[in-house]
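J.: These protein sequence lines are chains A and B, in that order. Numbering of the first sequence is given in the working numbering, commencing with residue 129 and proceeding in unit increments. Numbering of the second sequence is given in the working numbering, commencing with residue 1031 and proceeding in unit increments.
Think of the hints as simulated: they come from the structure by calculation, not from any bench. Take these hints with a grain of salt, some might be off.
[Claimed, not checked] Below, in silico cross-link-like pairs of lysine-lysine (BS3-like), each with a Cα-Cα straight-line distance of 27 Å or less: (1) B:K1065 / A:K257; (2) B:K1032 / B:K1042; (3) B:K1077 / A:K190; (4) A:K257 / B:K1077; (5) A:K192 / B:K1084; (6) A:K190 / B:K1034; (7) A:K190 / A:K257; (8) B:K1077 / B:K1042; (9) B:K1036 / A:K257; (10) B:K1034 / B:K1077; (11) A:K192 / B:K1065; (12) B:K1065 / B:K1077; (13) B:K1084 / A:K257; (14) A:K192 / B:K1036; (15) A:K257 / A:K192; (16) B:K1065 / A:K190; (17) B:K1065 / B:K1042; (18) B:K1084 / B:K1042; (19) B:K1077 / B:K1032; (20) B:K1036 / B:K1077; (21) B:K1065 / B:K1032.
Residue-level listing of the chains:
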Amino acid sequence: MKNLLFPRQFQALGWLLFVPAFILGVLIINNMIDCEGTLETILNDAAIIGITIGSIFIVCSKEKCEDEMIRSIRLASLLNALYVYGIILIVAVLLINGIAFAQFMAINLVLLPLIYFVVFRFEIYRYNKMSGDEE
Amino acid sequence: MKNKIKVERAEKDVTQQQLADAVGVSRQTIVAIEKGRFLPSTPLAIKISRFFGKSVETIFLLEEDD
């Protein structure tokens, strides 16, 4: 089975989408943006789509040296992200109520790609640190 | 699974980077394989073994609990 990955350049594009969308999302969730109607809808959609596509581009683009270990890390990160997402969702459902739960459900729309992005980049950081001295 | 890649490299005076370039992976992958943190695929194991001119079973050793 062939894995389809975006070209490496999409990683930069992913960051360009993700960072502003994430900041926008944080501002919206904390009610720091005062707008209504169509503009509110557009900003909400922009944040969600930007975070989702941005994180997918960052994670699913080829690394500098794309080899089988990177592919293995990518797959393992997805599985771990799924577990973390499940735990967060269950804890949130049990502990959060009312308006706060509605806010959490809004965050939940992008939670899995977000967790996957964090887990994958952390594993890549550990992978890159593994080099040590040349032997 | 243990391996004798480090020993073979020392015998042939080959760096991790040279081995990585020869078999088409990153140096970090060779480091991870040597430390037993990553199990190479069959094609990669064969490539590494062929690089050293030895059989796969000579380089990679199956352990009791594998």
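J.: Each hint should be assessed against the structure and marked as holding or not.
T.: So, going through the hints one by one against the coordinates:
1. A hinted pair counts as satisfied when its Cα atoms are at most 27 Å apart, and K1065 of chain B with K257 of chain A qualifies at roughly 14 Å.
2. Distance restraint check for K1032 of chain B and K1042 of chain B: the Cα-Cα separation of roughly 19 Å lies within the 27 Å cut-off, and the hinted pair is therefore satisfied.
3. Of the supplied pair hints, the one linking K1077 of chain B and K190 of chain A holds, its CA atoms being roughly 22 Å apart against a limit of 27 Å.
4. As the CA atoms of K257 of chain A and K1077 of chain B are separated by approximately 25 Å, the hinted pair is consistent with the 27 Å bound.
5. Straight-line distance between C-alpha atoms of K192 of chain A and K1084 of chain B comes to about 30 Å, which puts the hinted pair past the 27 Å bound.
6. Simply put, K190 of chain A and K1034 of chain B have alpha-carbon atoms about 30 Å apart, too far for the 27 Å limit, and the pair is violated.
7. Among the hinted pairs, K190 of chain A with K257 of chain A is consistent with the structure: their alpha-carbon atoms are about 19 Å apart, no more than 27 Å.
8. The suggested pairing of K1077 of chain B with K1042 of chain B holds, with an alpha-carbon distance near 16 Å, which does not exceed 27 Å.
9. For the given pair, K1036 of chain B sits about 19 Å from K257 of chain A by alpha-carbon distance, which is consistent with the 27 Å threshold.
10. About 14 Å separates the Cα atoms of K1034 of chain B and K1077 of chain B, which keeps this hinted pair within 27 Å; it holds.
11. For the proposed pair K192 of chain A and K1065 of chain B, the alpha carbon gap of about 22 Å is at most 27 Å, so the pair holds.
12. Pair hint K1065 of chain B plus K1077 of chain B holds up; C-alpha atoms about 18 Å apart against a cutoff of 27 Å.
13. As the CA atoms of K1084 of chain B and K257 of chain A are separated by approximately 30 Å, the hinted pair breaks the 27 Å bound.
14. At roughly 25 Å between alpha-carbon atoms, K192 of chain A and K1036 of chain B fall within 27 Å of each other, so this suggested pair holds.
15. At roughly 15 Å between alpha-carbon atoms, K257 of chain A and K192 of chain A fall within 27 Å of each other, so this suggested pair holds.
16. Distance hint between K1065 of chain B and K190 of chain A is fulfilled; the C-alpha atoms sit about 25 Å from each other, no more than 27 Å.
17. The hinted pair formed by K1065 of chain B and K1042 of chain B meets the criterion: a straight-line CA distance of about 19 Å does not exceed 27 Å.
18. Proximity of K1084 of chain B to K1042 of chain B is assessed by CA-CA distance (about 12 Å); at most 27 Å being required, the pair is judged to hold.
19. Under the criterion of a C-alpha separation no larger than 27 Å, the hint pairing K1077 of chain B with K1032 of chain B is consistent with the structure, at around 17 Å.
20. Under the criterion of a C-alpha separation no larger than 27 Å, the hint pairing K1036 of chain B with K1077 of chain B is consistent with the structure, at around 15 Å.
21. Our distance criterion of 27 Å between C-alpha atoms is met by K1065 of chain B and K1032 of chain B, whose separation comes to about 9 Å.
Hint compliance for this structure: hints 5, 6, 13 are not met, and every other hint is.
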